[in-house]
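*Asks:* Sequence:
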Amino acid sequence: MATTAKQAKTDEKNGAENADEQADKEQQEAIEQIDEVQNEIDRLNEQASEEILKVEQKYNKLRQPFFQKRSDLIAKIPNFWVTAGESDCEGLEEQRNDVH
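Sequential numbering from 67 applies to the sequence shown in the working numbering.
Do not take every clue at face value.
Simulated restraints on C-beta separations [stated by the list, open to error]:
1) Q134 x D108: 38 to 44 Å
2) P131 x E156: 30 to 36 Å
3) V148 x N111: 43 to 49 Å
4) D101 x A150: 49 to 55 Å
5) D138 x E112: 36 to 42 Å
6) K127 x Q99: 39 to 45 Å
7) N111 x Q134: 33 to 39 Å
8) L119 x A96: 31 to 37 Å
9) N105 x A82: 31 to 37 Å
10) A89 x K127: 53 to 59 Å
Computed cross-link-like contacts, DSSO-like style, restricted to lysine-lysine with a CA-CA straight-line distance of at most 30 Å [unchecked claim]:
11) K135 x K120
12) K135 x K124
13) K142 x K127
14) K124 x K142
None of these hints come from the bench; they were simulated from the model.
Just so it is clear, CB atoms sit at the ideal spot from N, CA and C, and this is done for glycine as well.
The whole structure should be built from the sequences, with the hints applied where relevant.
*Replies:* Rendered as structure tokens:
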């Protein structure tokens, strides 16, 4: 009878070890799959960054004539930036006074 009890404990212990090994194996597989999915996400993010850069470059090029036109118009106004700066400072001063 003692042998049967020992055998049952051994079988139980082996079963638990096998279950632990199976759980470890499943976890390792899940980690590897997570890594693969993350690599796919990284590739997609890289592709998105490249396309975003192309779109930004395209629209920066399209804006250029408008920036030049604005610059030419500003050049016709004497002391434009001084006036704009003073005006902006006055607005900030008013905002500050309203708060205090």
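*Asks:* In this structure, is the beta-carbon distance linking K127 and Q99 contained in 39 to 45 Å?
*Replies:* With Cβ atoms ~43 Å apart, the hint holds.
*Asks:* Just to be sure I understand the hint, the distance between the Cβ atoms of D101 and A150 should be within 49 to 55 Å; is that true here?
*Replies:* With Cβ atoms ~54 Å apart, the hint holds.
*Asks:* Quick check on a hinted range of 53 to 59 Å for A89 and K127, using CB atoms only.
*Replies:* Cβ of A89 to Cβ of K127: about 57 Å, so the range 53 to 59 Å holds.
*Asks:* What's the verdict on K135 and K120, does the C-alpha distance respect the 30 Å limit or exceed it?
*Replies:* It holds: about 24 Å lies between the C-alpha atoms, which stays within 30 Å.
*Asks:* Are the Cα atoms of K124 and K142 separated by 30 Å or less?
*Replies:* Cα-Cα ~29 Å, so holds.
*Asks:* Is 38 to 44 Å a correct range for the gap between the Cβ atoms of Q134 and D108?
*Replies:* 39 Å, holds
*Asks:* Hint says 43 to 49 Å; check whether the CB-CB distance for V148 and N111 agrees.
*Replies:* Because 45 Å falls inside the window, the suggested range holds.
*Asks:* Do D138 and E112 keep their Cβ atoms within the hinted range of 36 to 42 Å?
*Replies:* Cβ of D138 to Cβ of E112: about 40 Å, so the range 36 to 42 Å holds.
*Asks:* Going straight from one Cα to the other, do K142 and K127 come out at no more than 30 Å?
*Replies:* 24 Å, holds
*Asks:* For the hint 30 to 36 Å, verify it against the beta carbon of P131 and that of E156.
*Replies:* 32 Å, holds
*Asks:* Mind checking the hinted window 33 to 39 Å against the Cβ distance between N111 and Q134?
*Replies:* Given about 35 Å between the Cβ atoms, the range holds.
*Asks:* Checking one constraint from the list: CA of K135 to CA of K124, max 30 Å. Satisfied?
*Replies:* At roughly 18 Å apart (the allowed maximum being 30 Å), K124 and K135 satisfy the hint.
Comparing the model with each earlier hint shows no violations; every hint is respected.
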